[in-house]
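**Student:** Residue numbers (our numbering), protein chains in the order written: chain F, 1 to 888; chain E, 1 to 110.
It is worth saying that the hints were derived from the structure and are not from the lab.
Given the structure is predicted, the values throughout are model-derived calculations rather than measurements.
For every residue, glycine included, the Cβ atom is placed at its ideal position computed from N, Cα and C.
Hints may contain errors.
[What the hints assert, rightly or not] Below 25 Å or equal to it, Euclidean Cα-Cα: the simulated DMTMM-like pairs (lysine to aspartate or glutamate) are:
1. K328/F <-> D676/F
2. K75/E <-> D329/F
3. K39/F <-> E92/E
4. K263/F <-> D455/F
5. K75/E <-> D604/F
6. K673/F <-> D604/F
7. K19/F <-> E66/E
8. K75/E <-> E23/F
9. K263/F <-> D199/F
10. K19/E <-> E56/F
[Stated by the list, open to error] Quick list of the computed label-pair ranges, beta carbon to beta carbon:
11. G95/F <-> E66/E: 52 to 60 Å
12. R92/F <-> I99/E: 21 to 29 Å
13. H131/F <-> R98/E: 52 to 60 Å
14. R402/F <-> V106/E: 29 to 37 Å
15. L834/F <-> R98/E: 54 to 62 Å
16. G47/F <-> E94/E: 43 to 51 Å
17. H131/F <-> E66/E: 52 to 60 Å
18. I42/E <-> N25/F: 29 to 37 Å
19. V106/E <-> L834/F: 27 to 35 Å
20. N25/F <-> W96/E: 29 to 37 Å
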Amino acid sequence: MPRFRAWLSRLVGLFQKNKRDEEMNAEMQAHLDLLTQRKIEEGMEPGAARAAARREFGGLEQIKEAAREERVWLSADQFWQDLRFGARMLLRSPGFSILAILCLTLGIGTNAAVLSWIEGILIRPYPLVAHQDRMFALNATTRGVTGYTGLSFPEFFDYEKNSTLFESFIVDRIMGTTLSVGDRAERASGGIVSANYFDALGVRPILGRGFRPEEGTGRNAHPVTVISYRTWQERYGGDPNIIGRTQILNGIQHTIVGVAPEKFHGTFIGYSFTFWVPTSMQEAFDTTGYKLEDRSARWIEGYAFLKTGVTRQQADAELHSISQRLEKDYPETNRGHDLALSPLWKTPFNQAGNMTATLGITMVVVFFVLLIACANVSNLLLARSLLRRHEMTMRLALGAGRRRLIKQLFTEGLLLALIAAVGGIAVAYWSRNALVLAFPSPAAGIVIDLPGQIDWRVLLVSVAMCIGATMLFALVPAIQASHVDLSGALKTEGAGVVGGSGRSRLRSGLVLVQVSLSFVLLAGTGLLLQSLLRMQNASPGFSTDVIVSGADLFSAGYNVERAKPFYTQLLDRVREIPGVESATLARLIPFSYGVFSSAPLEIDGYQRAPEEQLNLSYIEVADDYFKTLGIPIAAGREFQRTDDENALPVTVINETMAAKYWQGKDPIGQRVKLKDRWLQIVGVAKNVNYESKLEPPRSFFYVPVRQNFLVSNNLLIRTRETPGAIRSALAHEVQALDPTLAPIAPFRVQEQVDRKGYTQRLAATLVAIFGGMALFLAAIGLYAVMSYAVSQSTRELGLRMALGASVKDLLGLVISRGMRLTIAGIIIGAIAALTLTRLMGDLLYQVSPRDPLAFGFALAVMIAVAFIACFLPARRAARIDPVIALRM
Amino acid sequence: MGKQKPDLVYGTLDMLILKALQYDPRHGLAVADRIQQMSKEILRVEQGSLYPALYRLEAQGWIKAEWGTSDNNRKARYYTLTAAGRKQLLAEREHWARITKGINLVLAGA
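Next up, chain E with everything else stripped away, as it sits in the complex (with noise of 0.2 Å):
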């Protein structure tokens, strides 16, 4: 289950989650790969958290789900980010940079 990698930031999924979809619509394992394929495989996503973050973004209207058809002709369920799901994911983005900019500034310090 991956333990040797870096365990992710807590509460950094929904951010990596809404940008896995920005262009495409994808199915849940096909998030995770994207997650990790755009980490240089440093990140990975452990499918137990996977889900329940799923379901929490779409109940929160920032993604839809819809029943689809995956390139091997297998029945998956894809998700889409909507409108609001754009404009949260901007958000999260900047206060990220916020964040990260104070951490790493700390860290330089002497």
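This is chain F alone, in the form it adopts within the complex (with noise of 0.2 Å):
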């Protein structure tokens, strides 16, 4: 408590310190004049009796500060003076001041910016969601099964009225579709929510109200719908009467009952979504089928929340014991399926896996951009420390105390860290918006928000980097300032080129840290720009310059009835469009964003494990995929007109699947069992990618389209015109079958390979421009050094001219200082790199961590920016005249 006290009592001291001070004034006065009284009570002239008081008390003014230091809270109250010295001093040397400010904005604002992305985007994605730190998203696997699972609606609903440790599970499925408004019709992203999904939330809609608790089960029994408060304003004009009023979806009529709050935007990091429909309404928007009372069907996605103080193990432990209870209860379909929880950051179903890589890698390069940055400062100050020593020294012969001067240098480090940490959040905050740029959006009207957040924890962090950084960047060369020796201080430094005292020595070894941190940003980005580069011209196993185009039948309201012979028609037509080689239907296109269908399969023959599950994902495509696709039938036939209903069941299989259930003997006219219905099989199909390119190869099947009928297919031509010339002979053909549709813009597969790579884009991307700054900051850093080292050696450098060492000489001299400090600083950086390069492995694609192409590029870049950085101070140095130099 005195500790407090006292701590108190100089806190009030500083608000009353003229008050204070007048007091101690008087105290002293008081005390010198009762002292000099005794001296005259004891037989001194007056005169005599004060100077002897005054000699007998001490120095006056050394003694009112030290008990200054008592009484007022003295360090606040040098603060301040330093702050304010520090501000005067930054100014009377601009040009220092904002080179220094400049290259901790760049350091300080890259980490706020990054930090920002992932405060927003994996920490706290959901703007307006209460409680995120106790939201997780539901991770459903299957033994065997690589990846995300998912969970079907029974599943759902047994682990909700099973579980006790959780507030609430909600349902959350992205789906897509078509909304017309007025004759505009766009893209737009949806999701199909569970009824308590608002309240779970705590969002509450501006204008009407959230789904009812009955209003999530039903058979297509509750078209209602909630719409974002940016569909509102763009597409309703922000109607005041909305509620109540009806919007077709996909066919159906909805009833709109509420209006989002404007900053809501969903629960699906990536994507800002238009309007939810609560479960009930699934079949209406998906286009694989009524699914709410299958048990194998297993399309949700979702999250929970758990309750206050509940931990993640304990919930993860109440799942566990779920799935083994349905394990037992449902063999059939829940053999091996388990479900627990995932942190929102690893979400498995949404943007966040492929995000986390990309940012935690971006996170450390915007660090060592900031140590880099911190170096190029800390060697600024040393520099300035020189001009400054005349200062210092006089500061410490006036009686200074070597810890003020470090608190004061300090104080003016911490300045200009605070003002490029102001500098550095507002380059955060422009940027926030950045990464959207490199996300395209995947359709016109869908609309992808990939927003940073700066909020108190990103600030507070800020605030830590900036001391961090002050204290990084002010140690060194404060305390080298202190150490100022008096009597020596007019001596000027002796750094030679060759040799170097201890400051010099110091700065090399700041030169050391950034160019080996500047290596490792260089091997890092090579390798990501090479394996950006490999994955580009990697062949997916089939054409990328097949065109896609059709129409959204689903969205229009068709049926299968309707939707067989329009297809039928179409393709009939587009097969006789010139130009056109050949063309087909697939439900999904390849790499797309849609989920291929997957079922429980039985294999003629095999013997399953007693713990395998053989669900496998297939696709239904027409006649002619495989030759529209380009892809080669290893064994068998591909696909006919003739295989349609009539006819006996088929499917085609790729090589993974007929090695690994047929073990080198012939599948062709093997047989399947999909769907309780016998599929036998008449080819075997090469391998491709089929979701991206960093996929392992997995086992896939094929099944006609004609036997296997959905609304919703995608047509794909083989032509060697461009997607513009075909454009209007497509709408023509769509619109001669029904005039009120809309046809699918035709483009490329290229296109969709494209959007699946941009996280290896992104990442080498933002390590590119990083990896740059950082090289450019540690350029400047060498360079600053090396002419340093030139100035300071002026005499030495003459001396050595006019005792005949050449131009060349000089030259040679300077650079090869320069290359053996950036030669020790790459072997530092590639022993670094070496092992964290390995951190890098899901964004590597085909690229050993430990590429020689990466690390050859890093060390050439690297070579020829520090050569630069030497040569020109170098051409100075062989520049002075002897005798000038001589003569100094």
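Since each chain comes alone in its own frame, lean on the hints to assemble the complex.
**Tutor:** So, in structure tokens, the structure goes:
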């Protein structure tokens, strides 16, 4: 307590400084008076008595200062003094100040920006949603199947009903449709959500209501929708009487019952949703049929909120025990099926997974940028401390303590860092939406949303970074500066080009740090660029020149009976268009964002292991699919027009599936059982990539669309024409069949392939940009050190010249010193890079983390940049006039 | 400035001031006088360190100060020991006794 009292008393003293000072003066004066009085009484002359009293008392001002320290909060008082003085010093050398602040702004700003992205995308991704710290993604898995396998609606209810540690479970399944308001039709993304969705999230619609409990169930029983604020404003003109209006969605009249608040975009990282419908409407929005009562149809993505105080481990244990009960009760569907929680930044079914690795690596990169920036500012301060040596010497001579000097230099550093932090946060604010630029929208009308968020947490870390940076960059120069040797202060520093005093050794050390950090970044950039190139050049196994088009029959309300003749006729007509080599249908295009069909499979003659789940993905395609996409058939044949509902059900499998389940035997003519129907294998197709170039080879099979008809299909066309050239012909054929339909604007499959590779592109872009910044900063640092070394050794260089050294010798001397530093830095950097690049794992595509090309690239760039940075000062050194130099 | 006199052991000044104020309120000079007198002139307080120490003790709430008049009718600031100060004095005495005992044992050792 006394400690706190003392602190408080001093704090109060800070505000009563003048009053307390007066009191103190009066008290000391009284003391002196008493002392003088005593001396007079002892028989001294009044004048001599006063002098004697003063002598006895000691140095009045020193005592006052020491006493003051106990009475007012001196350090705070000095801090303001230092701050004011620091500001004056910065203003006096604006060039230095601006350079230092720019470096730090770059360092702090990039860090704050990446932090705000991490905060806004990974940690608290959903604006307005309450308790995101207790919100977890439901990560359903099936033994033996990689990745997320989803939940069925009945399973979802089982977990909800049987758990006790959860506040709520919510369903949120992304889906797309075409939204036509007035005469404008646009693609829109929406969510199929459980009835408790808005209540569980704590999001209150600004108009109308959320969904009622009964609206979650009953097949197509509750056609109601909540629309987003943006949709309300842009598509309905902000109509205040919107509640109760109807809107046709996928052919069904929906009543608008609510408008979500402006900042609420839904709960899917990356996408800003347009509207939400309750789970009862699943069939209307899912192109693959009614699933609310099907335990094996796993389509649900969702989240759960834990009760306060419950840990994730406890919750996982409870979910696991429920899974085991379900496995016992429903062995057919639930064998090996399990549910666990994932933190939001590891959500398995949205962009979170992709962003985590990218943002993690970016964070490391910008941290390096900050370190390099700090080293630069350190260097600048060291150079300046030489100019201020006179000032420091003077202060020490006048009795300032070294601690006081260090404190003052720190305060100046802090001032620099504070200004830079303000600038840095402004940088972060401006770039909060920059990530969206790298993420292409999948279709017109669909809004991509990857906002950074600058909240108190980001601000706090930025302030901490600012203080940490000050410690880093101001420490060494401050200690250096306070060690001015009073007697030797007037001697010039004898730094030579070759040798180097303690100070220049220090600066060389800083450059070493910069060069090695830059080298790590360069190597990382090289690796990412190379894997990006490799990925772009790698063939997915099919022809990406194929053009995609068609019409959204599902949103237009077609049923299977109407869709069948439409597609048959469209295919016939398109095949007649001049220039078209072949055309086919497929439920999903290659590399689609959509989900392939999957179902439990029985394979004739294959003995399944007791724990094995045979749940394989497949796709519904029309005749000529393999020909159109250019996928070679390894054995048997591809689908033909005659593989229709009247013919024997058939399938084509891929090579991985053939090898895994038939192990060397010929699978042609064998049978597999899909949804109670035996399919005969008629062909084996070469492996291709189905969803991304990064996926490992997987078992996959194809079924004829005519034997498994669905309303939603894509038209794939192989032609020499461009998408633009074929557009009007396609529109003509679609509208000849149904004038109310708008054809989907044709595009090449390559575009979709590019979209799917955005993570790698984003990572390469970010690392290249920040790596470039780092390199630039390091080059400035190297240049500064070499310039300084040259300017300090003018006399030595002049002497060498006078003794007969040639211009070439001098150039060589300076450059070789700089290059020695660079090489040392590169060696340290290479060792660090070899350990660090291994962490990039998933972002690298067919590139070893120790790829010699990437390291060679880093080496070449580093040496080139270092050479330039050394050459400029070296040339200045070579131009020294020996006569002038020696006279100095 | 009494250079021939032994310096005070570091940190003991606070304790001595508290002791000097144990029975009567005193002003600064009187505190210095009292310490000198009680130590039979062996200890002499450097006046330069007296005031910082007084203010330190005041800030900690061990002593409190009021303006008053001295014997010869001069204005002076008088310091009084507080209840907390009394406790502190006791604690410091015990501590000091232990320390000196220890030191003496060391010095007396063979």
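**Student:** In ascending order, which of the hints set out earlier in this document are inconsistent with the structure?
**Tutor:** 2, 3, 5, 12 and 19
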